[in-house]
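Let chain Y serve as the given structure and place chain W on it in line with the hints.
Chain residues, written in single-letter form:
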Amino acid sequence: MRGLRKTYRRLFRKVGNEALRGMDLSVPEGSAFGLIGPNGAGKTTFIKSILGIVQPTEGTVRVLGGSPEDPRIRARIGYLPERLHLPGSWTATAFLATVTRLKGLKADAPGNRRLLERVGLADAAGRKIGGYSKGMRQRLGLAAALVGSPSLLVLDEPTDGIDPMGRLEVRRILLEEVQRGTTLFLNSHLLAETERVCDRVAILADGRVLREGRLEDLARGGARWMVRFAPGADAEALAEEGFARGSADGVYRVEAEDAAALNAALDRARSKGALLVELRRDGTDLESVLLGTVAPAGAAGVAA
Amino acid sequence: MNPVLGIAGYVLREAMSRKFILAFVVGITLVLSVVALSLRIEVVDGALAASRLFGNELRASIRSVDVALRPVYTAAAFIVFYGGILFGIVACSDFAPSLLSPGRIEHLLALPIQRWHLLAGTFLGVMVLAVGGTLYGTTGLVLIFGVKAGYWTAGPLIAGLMACVGFAAVYAVMLTTATLVRSAALCAAAGFVVMVSGIIAGFRQQIAPMFEDGFSRSAFEAVTLILPRLSSLAQAAGNIASSTPLEVNSLGMLLMGVLVFGFGALAVGFWRFEGKDY
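In the order they appear, the protein sequences are chains Y and W.
With my numbering, the residue at position 221 of the first sequence is 221, and numbering never jumps.
With my numbering, the residue at position 143 of the second sequence is 143, and numbering never jumps.
Excised from the complex, chain Y in its bound form:
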């Protein structure tokens, strides 16, 4: 999508509410893409734009090589809205059968049964949806999104209301879909969820994409490495060699631009009697990345 803008206009009001302020974003096919950002960032408007539910004020959206307005393109998309409203008097099988028909597919009762089994609703398939818990409705919504094996899955808070064990199952299903080659577009407030499922992330705030890229690149702490030495390491000697003491016992941080510099630093530490037990790149979690991205932008906005 390029230059995507959306302004919601109200009757008798000259100034509209700008939900998207010129977004440029490209999601590689087959990737698991996470969308994160604070409330009111424009995430839901953005997702609705992808699906043609909201018509952009400016800009272009291309999905799976076509326009989201094209039913043939939408036939290849599975969507789970944030607050899916399901017909309470229907059974899960009847609902999936209707979704199958409306997707222009042939009736596939065994396929739908398999989908219900996959999301853990096999036992409740014949029950009325009105008696389902929030988590069960969410699972059914996910099953509906999976009808027809879509090429793109757009999921808005898919694990909302699902218990921890259920979340594991949902995560497993999503990872299976990604492995199958499905492009996943995930909007979740649960950053740990996004971190575990997605390989690419975009951070949205105030209707703009502030950062976008591979998760490991966003979370990477530059040239810093976290090192843990066995108890008894000489902290002062290590400090002289550029190892800064960390928060936990035996944990140090060191700056190294490349592998050679890193190994040289480790050799110097060993020469001071320190025994290496753990080494990893010093990254930050998604929460820190989000806060680190959104907070300065907000401050800049205030300053401006």
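Hints should not be assumed to be uniformly reliable.
Straight-line Cα separation of at most 20 Å, EDC-like style, residue types lysine to aspartate or glutamate; simulated pairs [claimed, not checked]:
no. : chain 1 : residue 1 : chain 2 : residue 2
1   : W       : K19       : W       : D94
2   : Y       : K134      : Y       : D160
3   : W       : K276      : Y       : E69
4   : Y       : K14       : W       : D277
5   : Y       : K134      : Y       : E82
6   : W       : K276      : Y       : D70
7   : W       : K148      : W       : D45
8   : Y       : K272      : Y       : E287
9   : W       : K148      : W       : E42
10  : W       : K276      : Y       : E18
11  : Y       : K134      : Y       : E169
12  : Y       : K134      : Y       : E193
13  : W       : K276      : Y       : E58
14  : W       : K148      : W       : D66
15  : W       : K148      : W       : E57
16  : Y       : K272      : Y       : D285
17  : Y       : K128      : W       : E14
Hint data in this document are derived by calculation from the structure and do not stem from the laboratory.
Only chain W this time, still in chain Y's reference frame:
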């Protein structure tokens, strides 16, 4: 499958799960059963000799069956017309707002169907429901009197279908209202306003002289000109049901006017829905 039929099926399935619609069908069945079981009609040489309701003789002069049944069919036509439209307004007021409710409309719009399919399917589903209910009731009535009196007429069925045409115009406005505001109460109110306005429009020539000559009368005539003349249609339905001469000048024009109003209202709804964000 055609998406319009798919959405119509969706609406019908929703309707079938509504208890008050099922209760209505049961109610019609009970009324027809009571009439069938409690009414005794004796016909001699094509004339109604005697009739008994719950064992009590109904006093009436000996008349030919078709003449004797005229008031019955006229009353039935008016009940079906006004009662049916009124029930339809109440029973169908929340179909469209429910379909357009948050969380459901996003899901439907993300499916590979065009936006107009959704409205057309909803309209079709509701009309199938209306026609089905009307034909069920009127066919039952025709069958009962046909078997008991030996007088067969398609008049009540045609009158019932004319009531459906009237309801189509009313529901078109309700559906358009739903694209503007997702409120069942407002949809019902819009339907009720059209129904009352349609009754007034049918008597526009009699009512117009009550307004002072000038702007107010012209305004009344202009407004009622575009409204569906439901009371005239009901009168025509009554005439057809009882096989009496039509009191309206041109039934074709009357039906055309009601249909044009309905399609006009629907066109506004389709246009509004196409450009609306959810």
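Hints and how they fare:
Using a Cα cut-off of 20 Å, the hinted pair W:K19 and W:D94 holds, with the two alpha carbons roughly 14 Å apart. The straight-line distance between the Cα atoms of Y:K134 and Y:D160 is roughly 8 Å, inside the 20 Å bound, and the hint therefore holds. Taken as a hint, the W:K276 and Y:E69 pair is honoured in the structure, with Cα atoms around 13 Å apart against an allowance of 20 Å. Distance restraint check for Y:K14 and W:D277: the Cα-Cα separation of roughly 18 Å lies within the 20 Å cut-off, and the hinted pair is therefore satisfied.
Our distance criterion of 20 Å between C-alpha atoms is met by Y:K134 and Y:E82, whose separation comes to about 12 Å. Proposed proximity of W:K276 and Y:D70 is supported: the alpha carbons are some 17 Å apart, at most 20 Å. Restraint check: the Cα-Cα separation between W:K148 and W:D45 comes to about 14 Å, which is no more than 20 Å; the hinted pair holds. Simply put, Y:K272 and Y:E287 have alpha-carbon atoms about 37 Å apart, too far for the 20 Å limit, and the pair is violated.
Of the supplied pair hints, the one linking W:K148 and W:E42 holds, its CA atoms being roughly 8 Å apart against a limit of 20 Å. The hinted pair formed by W:K276 and Y:E18 meets the criterion: a straight-line CA distance of about 16 Å does not exceed 20 Å. As the CA atoms of Y:K134 and Y:E169 are separated by approximately 16 Å, the hinted pair is consistent with the 20 Å bound. Simply put, Y:K134 and Y:E193 have alpha-carbon atoms about 18 Å apart, close enough for the 20 Å limit, and the pair holds.
This hinted pair checks out: W:K276 and Y:E58 have alpha carbons roughly 16 Å apart, not beyond 20 Å. Annotation: proposed proximity of W:K148 to W:D66 holds, straight-line Cα distance about 13 Å (limit 20 Å). Restraint check for W:K148 and W:E57: the C-alpha separation of about 16 Å stays at or below 20 Å, so the hint holds. Between Y:K272 and Y:D285, the direct Cα distance comes to roughly 32 Å. Violation of the 20 Å bound is thereby established for this hinted pair.
With a C-alpha separation of about 13 Å, the suggested pairing of Y:K128 with W:E14 holds against the 20 Å cut-off.
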